[in-house]
Amino acid sequence: MSLKRKDLLSLASLSVDEIMLVLETADSFKEVTGREIKKVPALRGKTVVNLFFEPSTRTRTSFELAAKRLSADVINFSPSSSSVVKGETLLDTARNIEAMQADIIVLRHSSAGAAETLAHGVKSSVINAGDGWHEHPTQALLDLYTIRQRGMNFNGLRVAIVGDVSHSRVARSNIYALIKLGAEVRLVGPPTMMPSRVEKLGPKVYYNMDEGLRDVHVIMMLRLQLERQGRAQFPTIREYSRLYGLTAERMRLADAGAIVMHPGPINRGVEIAPDVADSLSSVILDQVANGVAVRMGILYLMSGANS
Amino acid sequence: MQWGGFFISGFDKNLDRIIILPMTTPTNKPTDRKDEKLIMDAGDISRAMMRIAHEILERNKGGKDLALVGIRTGGVHLAHRLVKRIQSIEGVQVPIGELDITLYRDDLALRKNQPILRKTSVPFDMTNKVVVLVDDVLFTGRTIRAAMDGLMDLGRPEEIQLAVLVDRGHRQLPIKANYIGKNLPTSREEQVQVLLDEAGEDDRVVILQS
Chain A
0 MSLKRKDLLS
10 LASLSVDEIM
20 LVLETADSFK
30 EVTGREIKKV
40 PALRGKTVVN
50 LFFEPSTRTR
60 TSFELAAKRL
70 SADVINFSPS
80 SSSVVKGETL
90 LDTARNIEAM
100 QADIIVLRHS
110 SAGAAETLAH
120 GVKSSVINAG
130 DGWHEHPTQA
140 LLDLYTIRQR
150 GMNFNGLRVA
160 IVGDVSHSRV
170 ARSNIYALIK
180 LGAEVRLVGP
190 PTMMPSRVEK
200 LGPKVYYNMD
210 EGLRDVHVIM
220 MLRLQLERQG
230 RAQFPTIREY
240 SRLYGLTAER
250 MRLADAGAIV
260 MHPGPINRGV
270 EIAPDVADSL
280 SSVILDQVAN
290 GVAVRMGILY
300 LMSGANS
Chain B
0 MQWGGFFISG
10 FDKNLDRIII
20 LPMTTPTNKP
30 TDRKDEKLIM
40 DAGDISRAMM
50 RIAHEILERN
60 KGGKDLALVG
70 IRTGGVHLAH
80 RLVKRIQSIE
90 GVQVPIGELD
100 ITLYRDDLAL
110 RKNQPILRKT
120 SVPFDMTNKV
130 VVLVDDVLFT
140 GRTIRAAMDG
150 LMDLGRPEEI
160 QLAVLVDRGH
170 RQLPIKANYI
180 GKNLPTSREE
190 QVQVLLDEAG
200 EDDRVVILQS
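Protein chains in written order, with numbering that gives the first Met the number 0: chain A, 0 to 306; chain B, 0 to 209.
Treat the hints loosely; a few may be bogus.
One-sided and incomplete, this derived list gives chain A residues near chain B with beta-carbon spacing under 8 Å [stated by the list, open to error]: (1) Lys3; (2) Thr24; (3) Gly44; (4) Tyr299.
No lab work stands behind these hints, which were simulated from the structure alone. Keep in mind that this is a model prediction, so the values were computed, not measured. We put the beta carbon where it would ideally sit given N, CA and C, even for glycine.
The task is simple: from the sequences and hints, build the whole structure.
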């Protein structure tokens, strides 16, 4: 079994075997990240370009660290410091990067489908690091890794994804993956934040958080995008927090061993109470730590595909 | 991939080895193939391992500050057997580690599909220890080069020694084993297979002519 694909664009297109291969491979890199010398020569001589058209610290840093620990050369491109402001198209920017012999391009873009467009236009491998509201596959893979690390089995696992599902690429990637792996996925949030006909993908929709959390094993909180207030999605932050904020009291509705996840950055006191975010059930920092190992695994698997 | 009730758990053309482990207790013994020449049987392997265990202890004046690290996959099985032998001779439990050399291979950049990674686990401090690397077949020496680089990233052993079950020649690097089960002159085209089963009863080393 190997990842015989040039690009990693979505979880909708990955098979269960491919997902499990990524998780297994990440496990080997988890050991590497625990060493005193956290570097292996696997990607020596390869070049990884982080092409980020949207601000991101976490994901970019995580990819950068992952590439460096594999001994690859890393270049960071961001629009403010590049010719994008001068009117260059995405594909032209990418072709210029490719002309400098980039092996892997990691793309974050505000338009859904940007990674796919790029993948068709360049010979380098493309990894989607978030495209609009579409998908964020590496985040979902690190979420899956974190769940598995806690000894949980995906088959029959009850997972609640809470918050602004319709604008969340993290939610979408997780829905595709978790349904494929046999989990029961519940989406919790106000009707204004629920994509229409999302049930067709397999999850159940709950507008009442207390009902949605009952007996779940995993609670994935989504970040409330505060900039969306006043766009007819929720009246006030306080009301949203009261109806869909995760509190210690609501945690009791979930399974006794339930874990709390969040893709970050968290709004303390809005979607998640500070005592829950800092509790033993919270695996938020594990997610960040695992992100590096999972991305090392993905870079390693992708590095052989296009040579 | 199944063959005569045995499960081929790892096959690597470049490194020239196949390790076969039974999926369960084999009911049908593998039938002898025509193009397969038996080089060592279970008894030969067992005696060679016993001799190597004695040699390791002799050279290092006992089992103090000694550690064994097996190279995945075949070397790991052999390392476990050596640890048992050393325990029975000297009464000491020598620490054992497992090394996956994939990330240190020199042909990674040339491959289309990346090989599956296995786990590395060296759960002891190698500082001031004599580490004996254990592998099944010594051929080009490239695996051993990768293994030494891998070990050095995990710590600073006092000394690295090398034990192999079969040395088949054709070195491409200046590498030499300290302990050798059997010197086996081969041609480059031949394949040397070390077949080990969990119980040790059907162990054998064979040459496949192509």
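Any of the earlier hints contradicted here, and which numbers? none
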